[in-house]
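Engineer: Chain by chain, the residues:
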Amino acid sequence: MTQTLQHRGTVIIDTRCANLSSVYFALQRIGDHPVISTDPEQLKQADRLILPGVGNAQAAMQQLERMNLISCITELTQPVLGICLGMQLMGRFSVEGHCSLLGIIKDNVVSLQRTADIRLPHMGWNCIDYHHEHPLLFHIDRGSYFYFVHSYAYPESNKYTVATCEHGQRFSAIVQKDNFIGVQFHPERSGAAGEQLLKNFLRL
Amino acid sequence: MLAKRIIPCLDVKEGQVVKGVRFRDHEIMGDIVPLAKRYADEGADELTFYDITASAHRRVVASTWIKSVAEVINIPFCVAGGIHSVEEAAKILASGADKISVNSPALSCPQLITDLANQFGKQCVVVGIDSYFDQATGEYTVHQYTGDPEATRQTQWKTVDWVKEVQRLGAGEIVLNTMNQDGVRNGYDIKQLQQVRACCRIPLIASGGAGTAAHFAEVFEQTDVDGALAASVFHKGLIAIDQLKTWLNTQSIKVRLI
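Chains as they are written, first to last, in our numbering: chain A, 1 to 204; chain B, 1 to 258.
Keep in mind that the hints were calculated from the coordinates and are not lab data.
Even for Gly, the Cβ is constructed at its ideal location relative to N, Cα and C.
Check each hint, because a few of them may be wrong.
[What the hints assert, rightly or not] Derived DSS-like pairs (lysine-lysine); straight-line CA-CA distance at most 30 angstroms:
| id | chain 1 | residue 1 | chain 2 | residue 2 |
| --- | --- | --- | --- | --- |
| 1 | A | 199 | A | 177 |
| 2 | A | 199 | B | 91 |
| 3 | A | 106 | A | 199 |
| 4 | B | 13 | B | 158 |
| 5 | B | 37 | B | 67 |
| 6 | B | 37 | B | 13 |
| 7 | B | 13 | B | 67 |
| 8 | B | 254 | A | 199 |
| 9 | B | 67 | A | 199 |
| 10 | B | 37 | A | 199 |
| 11 | A | 177 | A | 106 |
| 12 | B | 191 | B | 254 |
[What the hints assert, rightly or not] Negatives, chain A to chain B, calculated, CB over 12 angstroms:
| id | residue |
| --- | --- |
| 13 | 40 |
| 14 | 44 |
| 15 | 75 |
| 16 | 98 |
| 17 | 99 |
| 18 | 100 |
| 19 | 106 |
| 20 | 155 |
| 21 | 161 |
| 22 | 177 |
Between the sequences and the hints, there should be enough to build the whole structure, so can you do that?
Structural biologist: Quick look at the structure:
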C-alpha cells in the first residue's frame with residue numbers, strides 16, 4: 001500500500017479549479033490536515049471529502065469525466081461537502097452551458113435574475129436563514145454572513161434546502177441529500193462563521 | 001440583502017505596503033502579511049493588493065507573498081499589478097487569490113478582459129479604472145500607468161465609455177479610483193460615482209478620498225456602490241474598521257458585523 005492510500009482524513013477532490021488552495025489553507029487553519037487528490041481509491045477511503053469549484057459548470061463536468069471520477073463521486077457514502085460550483089455540480093442540470101450534472105440533488109441549477117437593483121454576479125457578504133437546526137449550522141446564528149460569488153443557484157426547495165439566502169429572489173444557500181451537502185457560499189473565505197461551518201463539517 | 005463591503009487597499013511596492021498622496025511620493029506603511037491579518041481580524045470584508053510599480057515596469061507580482069496571505073487570512077482578496085496574460089492570472093489565482101484586477105494592461109489590450117473572463121469566470125475579473133477630472137475640459141478621462149509618475153498618461157477613453165466597454169468585454173466588478181481624490185481624504189467623488197453607477201450593472205467599488213467615517217456613509221447613501229475602498233485612513237489608524245462598521249450600522253447601512 002502506498003503512503004497516500006493511508007490517508008483517512010479529509011480529501012479535497014482536485015477539480016483543477018482556482019479555489020483549491022484557499023480551501024486547503026482554510027482547513028489547515030482549523031487544525032485539519034487535508035490532502036488534494038484525484039485518485040479514486042483515495043477518494044473512496046477518505047473519512048470525508050470536499051468538492052470545491054470556481055468557474056464554469058460545463059468545464060468542471062468535462063474535467064471530472066476526463067479524470068473518470070463521475071461514478072466514483074456519486075457512489076461515495078462518506079460526508080461530501082460541495083462548495084459553490086462544487087455544490088452546483090451535485091445537481092441534475094445546469095443552465096450554465098446547458099450541461100448534465102452529477103444528478104445527486106434532483107434539482108436544476110438556474111440563473112439568478114438581474115434587475116435594476118440586483119446586480120450579477122451575486123458577489124459579497126450576504127446572510128443566511130434557516131428553519132431547522134442542522135449539525136452543519138451548530139453555533140451559527142440565523143442572519144450570519146457568508147461570502148458569496150455566483151450567478152447561478154438552486155431555487156429554494158422543500159426537499160433539499162437546509163438554509164436560504166436572498167438576492168432579488170430567495171435561493172438555496174445550503175442543500176443536503178443524504179451524505180452530500182452543498183454550500184453556495186465560500187466557507188473558506190467567510191471569516192469566523194465560515195471557519196465554524198468547516199469545523200462542524202469535520203465533526204459530521 | 002448584500003452587505004456593503006469595506007475594503008482596505010494595500011499598495012505593494014517591493015514587498016512592502018506603501019501609500020502616496022495623489023499616487024506620488026510613496027511612504028512605507030509596513031509588512032504585507034501582518035497588516036492583512038490585522039485588517040481581516042478587525043472586520044474588513046475583503047482586501048485588495050495593488051503592486052503599483054508592476055505594470056509600468058513590466059514585473060509580475062511575486063506569488064510567494066500571495067500564498068503567505070492566502071494561508072493566513074479568511075476573507076477574500078484581490079491581486080492587481082501588471083497582469084498581462086491568462087497564464088500570469090492563473091498563477092496568482094492558484095497561489096490563493098480570489099480575484100485578479102487588471103487596469104493598464106486592459107487599456108492596452110481590452111481583449112485581455114474577455115480572455116480572463118472566459119478562462120476563470122467573470123467573478124474573478126475586476127477591472128480597475130483610474131479616472132481623472134480635467135478642470136479645463138470638465139470631463140472625466142481614464143489614465144494609464146498611474147503607479148509610476150514618469151509613465152502616467154491620459155488615454156482617449158472618457159470614463160463612462162470605458163465603464164460600459166469593460167462590462168461588455170466581461171468584467172465582473174469595477175473599482176473606480178478617482179485620482180483627484182486619492183490620498184487627500186476629502187471624501188469620495190460622489191458626483192462621478194453617481195454617473196458611473198447609472199451605467200454600471202456589475203458590482204462597483206468606490207476608491208479614493210475617504211477621510212472620515214461620514215465619507216463612507218455618504219458614498220453608500222448617495223451612490224449605491226457595493227463597496228468602499230480606502231488605504232491611508234486605515235493604515236494610519238485614523239479609522240478603525242470595527243468601529244467604522246459599528247457606526248455605519250447605526251446609520252442604517254447594512255454591513256457585516258463581527
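Engineer: Of all the hints given earlier, name the ones this structure violates by number, lowest first.
Structural biologist: none
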